[in-house]
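Same order as they appear, the protein sequences are chains A and B. Everything in the first sequence is counted per the numbering used here, starting at 54 for the first residue and increasing by one. Everything in the second sequence is counted per the numbering used here, starting at 54 for the first residue and increasing by one.
In case anyone wonders, no lab produced these hints; they're calculated from the structure. Heads up, some of the hints might be wrong.
Since the list gives no way to pick out one identical chain from another, each pair is judged satisfied if it fits inside one copy or across any two copies.
Below, a list of computed lysine to any residue pairs in the SDA-like style, where the Cα atoms sit at most 25 Å apart [claimed, not checked]:
| hint | residue 1 | residue 2 |
| --- | --- | --- |
| 1 | 228 | 86 |
| 2 | 228 | 82 |
| 3 | 199 | 180 |
| 4 | 156 | 206 |
| 5 | 127 | 325 |
| 6 | 199 | 189 |
| 7 | 228 | 79 |
| 8 | 170 | 379 |
| 9 | 170 | 182 |
| 10 | 228 | 88 |
Number of protein chains: 2
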Amino acid sequence: MNWQHVAGTEALQLSAIHQAHQLIEPYIVHTPVLQSPQLDELTGASLFFKCENLQRTGAFKFRGACHALLQLTKAQRAAGVYTVSSGNHGAALACAGQLLGIKVTVAVPASAPASKKANIARYHATTVEIEPGMPAREAIIAQWQKERPDASFIPPYNHDHIIAGQGTAALELIKTVADLDCLITPVGGGGLLSGSAMVAHSQSLPIYAAEPEQVDDAWASLQSGSIEPSRGPNSICDGLLTNLGDRTFAIIKQHVNDILRISEDEVVAAMRLLWQELKVIVEPSSATVLAAVLRYPDLFKGKRVGLIISGGNVDLSRLPWPVDYQELT
Amino acid sequence: MNWQHVAGTEALQLSAIHQAHQLIEPYIVHTPVLQSPQLDELTGASLFFKCENLQRTGAFKFRGACHALLQLTKAQRAAGVYTVSSGNHGAALACAGQLLGIKVTVAVPASAPASKKANIARYHATTVEIEPGMPAREAIIAQWQKERPDASFIPPYNHDHIIAGQGTAALELIKTVADLDCLITPVGGGGLLSGSAMVAHSQSLPIYAAEPEQVDDAWASLQSGSIEPSRGPNSICDGLLTNLGDRTFAIIKQHVNDILRISEDEVVAAMRLLWQELKVIVEPSSATVLAAVLRYPDLFKGKRVGLIISGGNVDLSRLPWPVDYQELT
Numbered sequence: 054m055n056w057q058h059v060a061g062t063e064a065l066q067l068s069a070i071h072q073a074h075q076l077i078e079p080y081i082v083h084t085p086v087l088q089s090p091q092l093d094e095l096t097g098a099s100l101f102f103k104c105e106n107l108q109r110t111g112a113f114k115f116r117g118a119c120h121a122l123l124q125l126t127k128a129q130r131a132a133g134v135y136t137v138s139s140g141n142h143g144a145a146l147a148c149a150g151q152l153l154g155i156k157v158t159v160a161v162p163a164s165a166p167a168s169k170k171a172n173i174a175r176y177h178a179t180t181v182e183i184e185p186g187m188p189a190r191e192a193i194i195a196q197w198q199k200e201r202p203d204a205s206f207i208p209p210y211n212h213d214h215i216i217a218g219q220g221t222a223a224l225e226l227i228k229t230v231a232d233l234d235c236l237i238t239p240v241g242g243g244g245l246l247s248g249s250a251m252v253a254h255s256q257s258l259p260i261y262a263a264e265p266e267q268v269d270d271a272w273a274s275l276q277s278g279s280i281e282p283s284r285g286p287n288s289i290c291d292g293l294l295t296n297l298g299d300r301t302f303a304i305i306k307q308h309v310n311d312i313l314r315i316s317e318d319e320v321v322a323a324m325r326l327l328w329q330e331l332k333v334i335v336e337p338s339s340a341t342v343l344a345a346v347l348r349y350p351d352l353f354k355g356k357r358v359g360l361i362i363s364g365g366n367v368d369l370s371r372l373p374w375p376v377d378y379q380e381l382t
Numbered sequence: 054m055n056w057q058h059v060a061g062t063e064a065l066q067l068s069a070i071h072q073a074h075q076l077i078e079p080y081i082v083h084t085p086v087l088q089s090p091q092l093d094e095l096t097g098a099s100l101f102f103k104c105e106n107l108q109r110t111g112a113f114k115f116r117g118a119c120h121a122l123l124q125l126t127k128a129q130r131a132a133g134v135y136t137v138s139s140g141n142h143g144a145a146l147a148c149a150g151q152l153l154g155i156k157v158t159v160a161v162p163a164s165a166p167a168s169k170k171a172n173i174a175r176y177h178a179t180t181v182e183i184e185p186g187m188p189a190r191e192a193i194i195a196q197w198q199k200e201r202p203d204a205s206f207i208p209p210y211n212h213d214h215i216i217a218g219q220g221t222a223a224l225e226l227i228k229t230v231a232d233l234d235c236l237i238t239p240v241g242g243g244g245l246l247s248g249s250a251m252v253a254h255s256q257s258l259p260i261y262a263a264e265p266e267q268v269d270d271a272w273a274s275l276q277s278g279s280i281e282p283s284r285g286p287n288s289i290c291d292g293l294l295t296n297l298g299d300r301t302f303a304i305i306k307q308h309v310n311d312i313l314r315i316s317e318d319e320v321v322a323a324m325r326l327l328w329q330e331l332k333v334i335v336e337p338s339s340a341t342v343l344a345a346v347l348r349y350p351d352l353f354k355g356k357r358v359g360l361i362i363s364g365g366n367v368d369l370s371r372l373p374w375p376v377d378y379q380e381l382t
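Please model the complete structure; the sequences and the hints are all you need to start from.
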C-alpha cells in the first residue's frame, strides 16, 4: 500500500495543522516576523513578513517534509523514502531524513539550478538526475514503486500531511501578530497556499495568492473551476512552475479569495526591495507577495497584511540585476 | 555647555546599559538571534548571531543614537543636534531624530558610499558634504559649535550615552541565549565593543573583537597601551575605519580579551557565507566576526559563541564577488 494514498479521502481539518505543529516543533526554526517602515510607507499598509527563508534548509518546505516523515510507521521509516524535486522540497526532505535517520532518494531534473542541487546533496541524500518535464518524473516514480515497494513516495505538495505541515507557518504568524486583516502567500503546487488558507479561514481572514503571469495556471484553474496545466517554464520563480494537485486545489477553490498575477519585472523589483529594506535574502518566488501588494494597492492599503516569505535559496553568483564587481584594494 | 562633555567623568556602570534598554525599548527592533547548522558544522562551534542588520536603519547604531537623543533635555531637543558620519551613525541619528521630532544635521564626507548617503537622506536630515579626513571633520564641528552653540553634537561612539545604547544588543543576546561561552563583535571606534564588553564582564564571559588587518589600530592600541591612529582607509569594512576614543578605549583596555585580525579576503568569504547560509544581508564590517571565528578556530571550537552582526547596509549593485546578470526570459 502506498503511503501517498493512505490519507486524502476526507477533508483536511484545522486540527491536523495544530497537531502537525506539535510534532514538528522540536525540529523547525520558529522563524521571525520582520517589518520595514520603508516598505510600509511605500505600500501604505502594515506588512508583517513571516520569514520562512530563515527556516531550516532555507524554505517553508521543511515543515511539510518533516511532518510527512514523522507520520511514517517504524517499518516505513526503515524502508526509506523518495521524491522528485528540482529544489526546496528535495533539500527539505533530505534534511528531515538526515535528522530522523531515514534514507532519502531524490530524483532531480537536469535543469534544476546548481545551487538547489547542491542544497539537496549537502544532506547526504542519494540523488538521481532525470530529464526535465512530467513524463520523466512519472517514469522514475513508476520505476521506484516497482523496485522498492516498501519505500514511501513523499510528494512535494499534494498530500494532506504536507499541506498540514506547510500550514504551520501561517499558524505561527497569526499567533505572533494580532489583528491581521489578510494573508498572502505565493502559489506553485499549492501546498503552502492551501495550508495557509485553512488557517486564514479559521480566523475569517481573506487570503490571496501571488502568481507570475507567465505561469498563471493556478489563476486559470480558479477561473475554470478545474486544474489547468502549468503554461510553461518561463518564469524566474523556479519554485512556482508546478501544477496544482487535487488535494491542494480542493482547499484553494473553497477558501482563497483571489490569485493576483504579477510580471517578471515586478518580481525582480520586489526581490531587490526586500533585499535592500528587509535585509534578508529572498528567492524570486518569495518576492511575488510583495510584488502583488505593490501591484494591487487597493486590496491592501491601510490593512495589516501577513506575507509569507517562502524561501531564500538563490545562487549568489547569478542575480537578476546588474552588479559591478568591487575589487579589494 | 556642550552635551559631549557633560558625561564621562566617572566610569560607565552596567546599570546605565540596563537603563538605556528601558528607554529605547519602545523604539528599537528586538532583533532575532539566528543560527545555522551549516556554519556550526564549518566552525565546530555553536554560533548565535544577534542580527543588528535587522535593526531599524539596518545597524546597531540606532540603539546608541536613539539613547543619546532620549537623554537630551527639552531645550536641547528644541535646539537640534548635529554629527559627522559617513554612514550608519548618520542614518541612525536622522531616523531617531525623525521619530522624536528633533532636527538633525549630518556632515557627510564626499567619499561615503552612495547607498549610505541615501540612507541618511531618507530620514529627512539636513546633510552637508565635506572633504574626507579628520581635518575637515574637526573644522565643521568647530564651525557648528560657534554658529549653533545651543545645538548638541552627538558623536558616533566616544560618549557614555552612545556606549550604553550600543551595549543593549549584547544585553538582549545574553537574555535570549543561555550559557554562552564568549562574545565577539567588530571594532571600529569601539562603541559596540565597549558596551558589549561591559555586558560580557558582568557575566564573566570572555569577549573578543574582530578587526581588519589593514586598519588594525585597535589591535595596535591594545598592544601599545595608548590609542593609536587608524593606519589608513584601505579596507572594504567602511564601518571600521575610525580610531578608538578615550571613553571606548578605557573600557576596551580593561575588559576585552583580544583583538583578532583578519584579511580582506577572509572578510569577503565570510560575508558571502553569511548571505548564503544565514540568508541575511550583512555588510563587510559585520562579516569580520565570522571571519575571525574561522581564522582562529582554537579559541572557539566546542564553544557557544555569541556574535553581533553589526549592520546590513550595502549597495546591491556593487558586490565583492563576481556576479553574472540573469536576464529575464
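Evaluated hints:
For the identical chains of this complex, residue 228 and residue 86 are neighbours both inside a copy (11 Å) and across copies (19 Å), given an alpha-carbon limit of 25 Å. Taking the shortest Cα distances, residue 228 and residue 82 sit within 25 Å of each other both inside one copy (15 Å) and across copies (19 Å). Taking the shortest alpha-carbon separations for residue 199 and residue 180, only the intra-copy value of 18 Å comes in at or below 25 Å, while the best inter-copy value is 71 Å. In this assembly of identical chains, residue 156 and residue 206 lie within 25 Å of each other by CA distance solely inside one copy; the values are 12 Å within and 63 Å between copies.
Neither within a single protomer nor between protomers do residue 127 and residue 325 lie at most 25 Å apart by alpha-carbon distance, with minima of 45 Å and 40 Å respectively. In this assembly of identical chains, the alpha carbons of residue 199 and residue 189 lie at most 25 Å apart only when taken from the same copy (15 Å versus 78 Å across copies). For the homomeric pair residue 228 and residue 79, the shortest alpha-carbon distances inside one copy (18 Å) and between copies (21 Å) are both at most 25 Å. When the C-alpha separation of residue 170 and residue 379 is checked against a cutoff of 25 Å, the pair qualifies only between copies, where the shortest distance is 18 Å, while the shortest distance within a copy is 28 Å.
Taking the closest pair of Cα atoms, residue 170 and residue 182 come within 25 Å of each other only inside a single copy of the chain (10 Å); across copies the shortest separation is 48 Å, beyond that limit. Taking the shortest alpha-carbon separations for residue 228 and residue 88, both the intra-copy value of 16 Å and the inter-copy value of 22 Å come in at or below 25 Å.
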